[in-house]
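S.K.: What follows is the residue order along each chain.
Number of protein chains: 2
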Amino acid sequence: MLRSGLRSASNQDWAKPFRNYRDEIIQNYGKCIGKELDELVTPALILDRAILNRNINKMTTALADSKVVLRPHTKVQKSTDLARIQIEAGAIGVTVSTIWEAAAMFASGVESVLIANLVVGKNKIDSLALIAKYGDLIVSVDNMQNIDDIAYSLKKYGSKVSVLIDLDVGLARCGARSPQEAMKLANQVASHPNMLLKGIQAYEGHCMLEPNPEVRVSLANKAMDYAGSVLEQIAAKYPSAIVLSGGGTGTYNITGKHPSVTELQAGSFVFMDSFHGNLAPIFEISLTVLATVTARHKNRITLDAGRKSIGIDFAPPRIKNSDLVANFCAEEHAIFDIHSEDKIHLGDRLELVSGYAPTTVNLHDVIFVIEDNKVVELWPVFPRGPQDKGFLSSLQNS
Amino acid sequence: MLRSGLRSASNQDWAKPFRNYRDEIIQNYGKCIGKELDELVTPALILDRAILNRNINKMTTALADSKVVLRPHTKVQKSTDLARIQIEAGAIGVTVSTIWEAAAMFASGVESVLIANLVVGKNKIDSLALIAKYGDLIVSVDNMQNIDDIAYSLKKYGSKVSVLIDLDVGLARCGARSPQEAMKLANQVASHPNMLLKGIQAYEGHCMLEPNPEVRVSLANKAMDYAGSVLEQIAAKYPSAIVLSGGGTGTYNITGKHPSVTELQAGSFVFMDSFHGNLAPIFEISLTVLATVTARHKNRITLDAGRKSIGIDFAPPRIKNSDLVANFCAEEHAIFDIHSEDKIHLGDRLELVSGYAPTTVNLHDVIFVIEDNKVVELWPVFPRGPQDKGFLSSLQNS
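Going down the list, the sequences are from chains A and B. FYI, the numbering for the first sequence is 1 to 398, going by the UniProt record's numbering. FYI, the numbering for the second sequence is 1 to 398, going by the UniProt record's numbering.
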């Protein structure tokens, strides 16, 4: 018996790109199951299953006495396997960034997906209308024409979506810039019979980059106070508008406890990295890049992991359980100056903590899931990077 | 009749990962051939074939009166299709960074491959010895134990490689740190019957980051004077040591004309990017990321290309044929502040010039090759990121 929010993976034709990639991963890396860490080709993306479980449990505990429910962002992991585990642990669905990530989630059997991003362009909007047939799809909007474009495709394909009004709460990226603008968008959504107005999405991304915890609390609360007041105005006119979705790992304990917020989008807490470690130190590093020492000259070592295997956005990689931070990363090299007393030799394998997990995972084919120093599962990273992975064709042909 | 340096793509079992990926690209994106730019899903990696040809011709002209021959680095493009075009245009083979890139090149029919990097670890060294059967393989070394480890695998599999001694000429990354150390390594290579000592690889990477052209000339010449003197000492003892390989796009007109240098590794000149544009302005931008405007609020626009589709190392993305530079990139967003008079609307498609082409290409499945605004070819990006793509198994089973 599957938990509410999950069904079996789709065996329909439109979901073939999802199944094909899983087959490819098994074909290329299936032999790694049961192997010890030392036998893996480096650089390899490895996940400590025990630490992952602890991180998931910590978030569950943190939200236990809050009315906010978790809808984790899965752009971080790009893993439907992990998404299913999170839903088993109580998440009500997932958040994604792209229409292709949404397609992968529905293909895997996840029932409810929020695209916390704008979907623009004919190919993508048609695909949105098509995948809306295969699950509970929620999309964000911040433009009148875009609302009409989506409604047009929904009508063409006979499908429905739920809609959140994207509200700018200080990030100054996407989103309505005023309560009046948000209400105008809400009116437009409500005018389309194939759209259900569900509420507001308000991403306080500007707070994630704020290192001072006190300033972060004040900034995030201010953002959510504002979003809550806008939702109240919209809900007074449209009672279906009940959702306020926002937050990230950096604000899980602020936005996650705000009285107006209903859904938390935090995602990185499952893996963590140097950037998020400073923001939410309660969570532990579960994901690392296993690398090999390819050169040592005096106290300078070179590892075989660089910009093409580890995300260095916002912070350089560091060696796990040490104070060693890379002083430079080339594409296939990370350079460290070690201490004279460090016993590190050519061929040694070291685990690197990434600067930023979301861009790290996106570089890899697969996550090697580790228990007791052995590979126990392969979690395909899908979809990696841009492009539709064949979903555009498979959806049109279905 | 194929040009010297090229044969047909391999139809042997070990080369299956190469063929499988090409099949996958055709299956997923074959329908794009013949389409106009406006019909592509964004973000899409697009290559202007006419500009590419001009860049290739400019490099041929630049080296025409030099005895230095081109062995272009293909870590940039990760495209065997382009590698073959460059060999047709006179390159003597290619340079790569990883053993899996080398495997892809041999699988595609390229005959001569230099791995300008150290190959360390049992899996990789065994794979090196195995692929050495399928082409003219040259590898770099900077460590006595590593030389013996490679020789051991070569003996086990009955294959041979050519070897360049990696010499540090100022980058302080890998490479022998003195002429004495280089000679010691040369002696060790010469002691192994399965290794042919071919010369020196000396990458003056520290010069690429030097923005002042005069300082760059002086730095690069000093580095190559030193490398030339070390090669002379080694060649006096081992006449097979005739190669001095180095250089990049940033030093193509310095290292490419140095009297001691025999092979130039420049690679990025085919595509160019903001970083290399400053170093070698003679070459034009042929590669861009096509993106869609997903939001506009006053003069701030958001595009659907971010850190997961465009390399921002060393420089932020900019909009082609404009002075607009991104002020922030998230994973799936690039933010620009445009001029009030700019006519840019929701849904418009813009071409972005990457900060750094090598990390941009690595994010994409495929390069869409464009002529007269239409897709004329699909060039698979292979291998993308780390991991062996199945070559480890296919080589062991062959």
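There's no promise every hint is true.
Pairs count within a copy or across copies, as identical chains cannot be separated in the list.
Unchecked claim - As a list, the in silico PhoX-like pairs of lysine-lysine whose alpha-carbon atoms are at most 25 Å apart: (1) K16 x K31; (2) K374 x K184; (3) K155 x K222; (4) K156 x K133; (5) K156 x K35; (6) K320 x K122; (7) K257 x K374; (8) K67 x K222; (9) K155 x K184; (10) K31 x K374; (11) K222 x K298.
No lab work stands behind these hints: they were computed from the structure.
S.K.: With reference to the structure, classify each hint as holding or not holding.
M.R.: Now for the hints, and whether the structure bears them out:
Taking identical chains as interchangeable, the C-alpha atoms of K16 and K31 lie at most 25 Å apart whether they share a chain (23 Å) or sit on different chains (17 Å). Taking the closest pair of Cα atoms, K374 and K184 never come within 25 Å of each other, the shortest separation being 55 Å inside a single copy and 39 Å across copies. In this homomeric assembly, K155 and K222 never come within 25 Å of each other (Cα to Cα): the closest approach is 39 Å inside a single copy and 69 Å across copies. For the homomeric pair K156 and K133, the shortest alpha-carbon distance inside one copy (12 Å) is at most 25 Å, but the shortest distance between copies (57 Å) is not.
In this assembly of identical chains, K156 and K35 lie within 25 Å of each other by CA distance solely across copies; the values are 23 Å between and 50 Å within a copy. In the homo-oligomer, the alpha carbons of K320 and K122 lie at most 25 Å apart only across protomers (23 Å), although the nearest pairing inside one protomer, at 45 Å, exceeds that limit. Taking the shortest Cα distances, K257 and K374 never come within 25 Å of each other, neither inside one copy (38 Å) nor across copies (52 Å). Taking CA atoms no more than 25 Å apart as the test, K67 paired with K222 passes inside one copy only; the shortest distance there is 19 Å, against 67 Å between copies.
Taking identical chains as interchangeable, the C-alpha atoms of K155 and K184 lie at most 25 Å apart only when both belong to the same chain, with a minimum of 21 Å there against 75 Å between chains. Taking the shortest alpha-carbon separations for K31 and K374, only the intra-copy value of 12 Å comes in at or below 25 Å, while the best inter-copy value is 42 Å. For the homomeric pair K222 and K298, the shortest alpha-carbon distance between copies (24 Å) is at most 25 Å, but the shortest distance inside one copy (52 Å) is not.
Of the numbered hints given earlier, the model fails hints 2, 3, 7; all others are met.
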